[in-house]
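Peer 1: Residue numbers (numbering that gives the first Met the number 0): 0 to 294.
In short, the hints are calculated from the structure, not lab data. Each hint should be verified, as a subset may be incorrect.
[Said to hold, decoys possible] Pairwise CB distance ranges (calculated):
1) Leu180 x Ser234: 18 to 26 Å
2) Arg246 x Gly149: 39 to 47 Å
3) Arg87 x Glu113: 30 to 38 Å
4) Lys44 x Thr258: 23 to 31 Å
5) Pro65 x Lys217: 34 to 42 Å
6) Val70 x Thr258: 17 to 25 Å
Here the structure is a predicted model, which means the values were calculated and not measured. Positions of the beta carbon are idealized from the N, C-alpha and C atoms, including for glycine.
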Amino acid sequence: MGKSKLRKHLILGVLAMLTAWPLGVLAQPKYRVAACDWMMLKRQKIGEFQLAKDIHADGVEVDIGPLGKRVLFENKLREPHFQQLFRRTADSLGIVVPSMAMSGFFAQSFLARENYKELVEDCLQSMDVMGATIAFLPLGGSGDEWKQPGTAHDEMVRRLREVGQMASAHGKTIAIRTGLLACANISLLKEINSPGIKLYYNLQDAVDQKHDPCKELKKLGRERIAQIHASLTDSVTLDKDPRINLRRVKKTLDKMQWTGWLVVERSRNAQDVRNVRGNFSTNVAYLKEIFQTNK
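Based on the provided sequences and hints, a complete structural model is requested.
Peer 2: Listed below in structure tokens is the structure:
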């Protein structure tokens, strides 16, 4: 075959591949929007995927299940039947699962659980099932002692380094929410020194502490932030909240060249908190208006 014919065949082959490739893969926006299933009252319920579709979210952050006094999370995704059902349903509706959450650690101490590695491994294996790449680990239930120098701090660093290695072995990232400001978070990540541990940045943390989230984001830099919870404490929906300028947040993230998922957790109308469709559809629409258009 001559060079010109070979070149023609190669070009036609590439064009055929591009034509066959799903359009969603070729044209994904820089920022995609998801919502937390537990805050939508759909924790590990099959209806969460249809609800995500109904509120026009691109994805849903699936919780690994409640913990309470159990030894392990109450996690349906250990069972083959639910693994197939959840994955098939999500795929059929075009809903991505970018992350899975260990929300049980909002109330329980990561330092108090002797089986912390088993709990994290459970999450990592479920992420494999759903194709998620980020594990959300809140440290709110661990108190404040670990945030100061001492044995609790050293143990937290040791444990996070250990589970970070576990995440890396799975090709995943554990994104921690610490409640700390940027400088303290940077120091913590340097101590942990694991590519498997990054930050799950929550806009609420800076706003509640009267700090500028844009300045905090700039200090942290692109590489330290795995994912963002783009919501505040419940008061009003994001489109009516004077506490934050999301257009300015977008400009900041654009300059940082950060791309990824913006996940709605709260920002519910405090007068109507159980109106899931109303609150979450409003927040998703507002985030998409700002982050997925050129306005």
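Peer 1: That 18 to 26 Å hint for leucine 180 and serine 234 (C-beta), does it hold up?
Peer 2: Hint holds: Cβ distance 22 Å, inside 18 to 26 Å.
Peer 1: Given the range 17 to 25 Å, decide if the beta-carbon distance of valine 70 to threonine 258 lies inside it.
Peer 2: Check failed, 38 Å falls outside 17 to 25 Å.
Peer 1: Taking the beta carbons of lysine 44 and threonine 258, is their distance inside 23 to 31 Å?
Peer 2: At roughly 30 Å between Cβ atoms, threonine 258 and lysine 44 fall inside 23 to 31 Å, so the hint holds.
Peer 1: Between arginine 87 and glutamate 113, does the C-beta distance stay in 30 to 38 Å?
Peer 2: 36 Å, holds
Peer 1: Tell me if the beta carbons of arginine 246 and glycine 149 are separated by a distance inside 39 to 47 Å.
Peer 2: 42 Å, holds
Peer 1: Looking only at beta-carbon atoms, does the pair proline 65, lysine 217 fall within the given range of 34 to 42 Å?
Peer 2: Since the Cβ atoms of proline 65 and lysine 217 sit about 37 Å apart, the hinted range of 34 to 42 Å holds.
Hint 6 from the list above is the single one not met by this structure.
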